[in-house]
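Trainee: Here is how the chains run, residue by residue.
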Amino acid sequence: MTPQLSSTQATSESVAKSALDLVHHAIEHAKHYLPTQGPIAVFIHHNTLHAFEHLPFDEAVLEGFRTYGSQPYWPESRYREEMARGRILDTDLQAVVLHDLGGSAANDVLAGTSQYNLRINMLRDPVLTGSDAELRWLFAESDAIERFRNGVDPMKRTEMIKATRRWIMRDLQPHLSDTEAAIPSSLKSVFEAFPMRKLETWGESTWQQLTLQLLWRVCQNGVHSTRPFSSPSHSFNRHRDVLLKLSHFDCDLQVHDLLIRFTSAFLDQGFAAWSVPQRSEGYYQCFLSLFAEKSPWTEKWLEPLKAIIASERQSGANPTESIVRSLAALGVSQNDFEKYIKKTLLALPGWTGMVEQMATNASWTLHPAPKESLEEFLAVRLILDRLAAKHCLDEHLSHRAIPLPDLLSIGSSSERYNPRRKTVQQRAFDLFQLAQRSAWSPHTLFTWTSAEWQNVVDAIGSFDDFERRRMFHLAYEYRYRTQMLDAIAEHSVFPLKMPSDVSVQVITCIDDREESFRRHLEELDSSIETFGAAGFFSVPMYFRGAADAHFIPLCPVIMTPKNFVEEVGPLSAKQAEARRTQSRMLLGIASKTFHLSSRGLMSGVLTSLLGSLNAFPLVARVLFPRLTAQIRSKFGRLVRPTVATQLRLEHAEDSETTDKGVEGFTLEEMANMIERLIVDIGMQDRFAPLVLVFGHGSSSLNNPHESAYNCGACGGGRGGPNARAVAQIANDPRVRALLKKRGLEIPETTVFVGGYHNTCDDSIEYFDIDRIPLTFSSRFLAAHEIIEKARRRNAHERARRFYSLELTCTDEVAQRHVERRSEDLAQVRPEYNHATNAACFVGRRGRTRGLFMDRRCFLTSYDPTTDDAETSILLRIMQAVIPVCGGISLEYYFSTVDNVGYGCGTKLPHNITSLLGVMEGATSDLRTGLSQQMVEIHEPIRILYIFETMPEAILSIMTRNDLIDRYIGNHWVQIATLDPNSNTIHLFQGKQFELYTPGPGQLPTVSDSLDWYRGWREPLGFAKVQSKGFVSLPKVANEVLR
Amino acid sequence: MILSSWIPLLGYITVFSPIIFLLVVGFQLLIGRPMSEFALGRWLKSAIILSLFATLAILAIMLVTGSRREIVDMGNMVAIDRVHFHFHISLIFDRLSVPMAILSLVLCGTVGAFALSYLHRDAGFQRFFLSFAMFLVGMVMASLAGTIETLFLGWELVGLSSALLVAYYQERPTPVANGLRVWAIYRLADAAFLAAAVALHHQHSEGNFSVLMGNEAWPAGKASLSEGTALLVGTFLLIAAAGKSGLVPFSGWLPRAMEGPTPSSAIFYGALSVHLGVFLLLRVSPILDQSALLSSMVIILGLVSAILAAIAGRVQTDVKSALAFASLTQVSIIVVEIGFGLRYLALIHIIGHACMRSLQLLRAPTLMRDYKTMENAIGKSLDHGSPWIIGWLSRSTQLRLYRCAIERGYLDSMLDACIVRPFIRLFSMFNRWERAWTQWLSGSHKVIPIAVEDASHE
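Going down the list, the protein sequences come from chains A and B. With the numbering used here, the residue at position 1032 of the first sequence is 1049, and numbering never jumps. With the numbering used here, the residue at position 187 of the second sequence is 272, and numbering never jumps.
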């Protein structure tokens, strides 16, 4: 080998190596943009635009639009509807435009018209636009140049006509017959259509017509010499995009049809009765072996696949090299690798994202995918892309004879049409409309210099569709924020609203859905005090119920539990229990057999011959869901474990310890957990005799997203076991002794009881009530009675949002209705989950107690007076509530503003696939996000946090925690603070806190919640509930926070 | 005697209450003043209950009087006496039609009630129920049809409403493309049906089943056709049935039809529409008796479809496609039963299967929960792995078979290659010829070439 040769070889090798690196790098880069929703059995709310959190919200949503093509805000028309119904006020628009422009608000675009005026005018009335053809039609066929637009102030109209008239009579009349240049000939042609000799006898309408026609002509002339305002275009084409443009044939349809079928088979978690052969060899190999053969009926575009697979195998069948080969065959230059790969991976985002999730984040599933699956997926996808593009060229563009590698350059050289760049006619029409509204008469416009024209065109162009929607969105948020902050400022005045003699304390999750439940409890009995803590109640664990197959984690997803807790039956009933387990198993096997055999060949015959028996459950379940559920539960009771189970919470000597964790907790750990819970919510110095802890969850039928309705703090699980564990631990005298040593004394006269609140049917279930000391029974029963009432009222308050129930119904009817909802197969809105969530209050309940917040506010208990100087409790709380509540708020935001792009569309055609997610109909991309039915009543705003603390504390926490800093600093959430000692509020604006001046508003006062929400379906404002029971205690001495 | 004089009235009620419902729904949409969901629900329920009770009353009367066949003549819709053509409408009540009509009404009623709340506040609520009403009328007509024309009328309504509901989400491309595919295959089936009807008319100058199948009540009738005619007519009818019921080679449309809202998938492709083809075979079963060759064709077609559907069904990973193939398996077995002359069994099979499958489809979205419940009861993960029989096959056979299953037996590409492409090619050729011809006629001798790509791609 000559040295020369070896050097070329070395270069080519290094080139190949760098190409491989580029591919790796590009995939790593593109990964972040894929949806991160995992298998649907565990649905965790998260920020849909997680990948863009490093950017400010306003930029991120635009970046999201460029990346996914999904809308950043609602359409302008929707905001206008909200304006029409009074949800956005004109004053809101003024405030946000003024604030947004800051110092430049008063800058003149023109003499007499400030930037602010121009923008407000553009927001108040829609600036219509259309294609040139539409505009031509408008001027030819409608009265656009005969009458002023609707909504133009009559005063301004008269003023404009008058000014024009003066101008013509005074200045133009003498020149009309001149041949030379006092008036441009284009204007003269306007006059030609009018009887100029009888000028003095014209009526109002003739002058109006002339004014408008002059205006239109002047606008056209003036705009002609301006440059359109242009924003950079970011479009990058894949082959499919170019082909779509050239041939109107979408080759992704073919590719996706096959790719979806294969990917879903590869990822299947045990739905198909026959899983794909060779699955263990990874995505790429599995594909190669399955498609290596050609059958006589292979679809035409796939015919060369056999040859390609053979050559792939020959060259070593390495997926990364295969990607490089495919990119070369497609003619993608190395510089474009990153963009091309990103765009390719985002062509089918749901499935691609799921491949990545299954490869990296799903070790707990039955069949996780191998680590490098995404790369292998891309290799396969590019092979198919190649085939489809080639086929499309041959089939539909054969007459142009374009070689495949040249396609991209053709695509990029063809005209780059930027839809945001306006044509002359469009620019002129913008001005024409604005001129009417701002009373710019033709003669003013006539005198503008070309620099002035350019100025105006730029000012209009820069305030484009997105900017206007951003303003509307800000105003929409502004309205709610103002209401909320004003209400808090007025309501949270000292003294704290505390029960005089606390008889019962109730701890629930911070969930917005518990706000009403807590309010009703407090209204019903003034001696009840409520607290909100993250719903896993500081007990992170793997839990397995007595009738469950697997342990599931019950804690926020960011934590990994270390302890296993099991629900076990009583020793005395061991045999009976074993029998039940046995019969459950038999029933389970029977139903599995039926499930499978009904789909089989011969076994299906038998099941379907007997199938007419199905008519009874079919009719019963559809027509009488609640009754059917009751009957089913009666029968189910025969095999359900006995009620007398308990949690095996404590670590025993002989307990198993695996690498995943240990069985049970030590006493020390238990004491820590209780201490954490009690201190975080600030309950340490006052214990009522009865403390109820309620976890929550939700159960509904025919709802693939059921897990999303459960407790987010329990990782999409049901929080009952955590509440039960808290009660069991806190009642343990040994734990109490340990706590006492640490200075936290739980009096002997206090009993904890755990419970579970089902937010769908508003049922409440208690645990271990047989272990409540008998001396406490009457107390418990009394509390139980109130809770029964409260849950019914809660159901009633919820029911006002359901259009299928009369507003005038009673509590009992509402209760039955929500029970029916949770059991109804035909119900696509079993409950509204977090829809309408808008705020999060972190502070003492005493400051918001008695404030009607319409189930829109997360309520976290936190006592600033007991926190240390570093506000370490607050930091801890913020670490949980900022990403969790923020994630919920943002997921709802994006799924609402673009339900098809960011959400998963309507639920009605959803089709569960591979036990991983839902498709729309027979085949589609895997749909992530929330469904239309979940968000239809939601108001898309960023969540408003109010922390009862000093602004400095938040600023200091921001410097200590990156994630919090990103969320707050980039305005993904809104932040305000409420002074612990007064009702002063600071609002985080820009980069700092500013003092908030509340408006003069007076909160309406009502005697109870019903009084306020009665007869109303829409979202409701705030009100002060002046229930009889409230006693205000004298101001508690507060330590000043530093 | 007096009792049976009620039958015509009841027969009219059975058919006209759905028709009135259809007209009401259509009219209110036409004048642009849609009624409330509640009001529409009341109309729907009344129409179905009225129709159902009328049918049940007829059944009761027939049981009391011991009659096994009642015919309600509704006269001619079109009559051209000169050429002896009449489009004759009549209803027949016998052991086949009465159970089928009751099944249709019960399922439509249940699924209708389901859809009333499932589609609550959906933008296409009215549109859905318009198609639903059309389907209901079609189903009742087809079940009770006493002449082949009446059956055709019902058959067409069912086909039209099915295709419209597949394409219910008209803003997305896939449902529309799939709807078109369903529609195209239905048209093929319709053409075969029409050909059969014309052939029958040609023989007897009328399409009355009582004349065609002899005067005995179903299933005993005897067709008055020669073996040759029976084979011809039977083959056409078999093609029609295969198209409507998704048998080989038309099976490709069935999983694609799962595009609409869940209740429409349940009622159409799980329960009723998919059985309409086999119902047709049952109705004309005396013709099958005439020709052994025809019967064996029916059996073979059924067997092939059943095996293919069973294999394809096993690899489906989404619940609706899996249920579609499961449906197809049973429908094919019903076809086999018909081929063997087991008519009562086939009827019972249809009824049982329709009920079971609609319940399964209606609760398909609850799959995750059902699996969890089963897992918990059994105490371990449900993993089916692979059927035992697969283990016996060699590796390459496994791969080939799996590939065939995942490609759904290559049926779609087969249809594309054998029917769609030649069809498009042929008509593009005609197009070219016609242009050349007209150009020549108009005197311009320069023939402008027309690109083949102008033709539809579907």
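Derived from the structure by calculation, the hints contain no laboratory data. Since we're looking at a predicted model, the values are computed, not measured. It cannot be assumed that every hint is accurate.
[As the list claims (entries may be wrong)] With the C-beta cut set under 10 Å, the calculated list includes, among others, these residues of chain B facing chain A:
hint, residue
1, Leu204
2, Arg341
3, Ala395
4, Leu447
5, Ser471
6, Arg493
Note that the Cβ used here is the ideal one computed from N, Cα and C, for glycine as well.
Trainee: A separate judgement is required for each hint: does it hold in the structure or not?
Mentor: These are the hints, each one checked on the structure:
1. Contact between B:Leu204 and chain A, as hinted, is supported at the beta carbon level, the nearest pair being about 7 Å apart and thus within 10 Å.
2. With a least beta-carbon distance of about 5 Å to chain A, the hint placing B:Arg341 at the interface is held under the 10 Å criterion.
3. Hint status for B:Ala395 relative to chain A: holds, with the closest Cβ pair at about 4 Å, below 10 Å.
4. Hint status for B:Leu447 relative to chain A: holds, with the closest Cβ pair at about 6 Å, below 10 Å.
5. Among the interface hints, the one on B:Ser471 holds; its C-beta lies about 5 Å from the nearest C-beta in chain A, closer than the 10 Å criterion.
6. For the restraint placing B:Arg493 at the interface with chain A, the shortest Cβ-Cβ distance is roughly 9 Å, inside the 10 Å limit, so the hint holds.
In the structure shown, no violation is registered for any of the earlier numbered hints.
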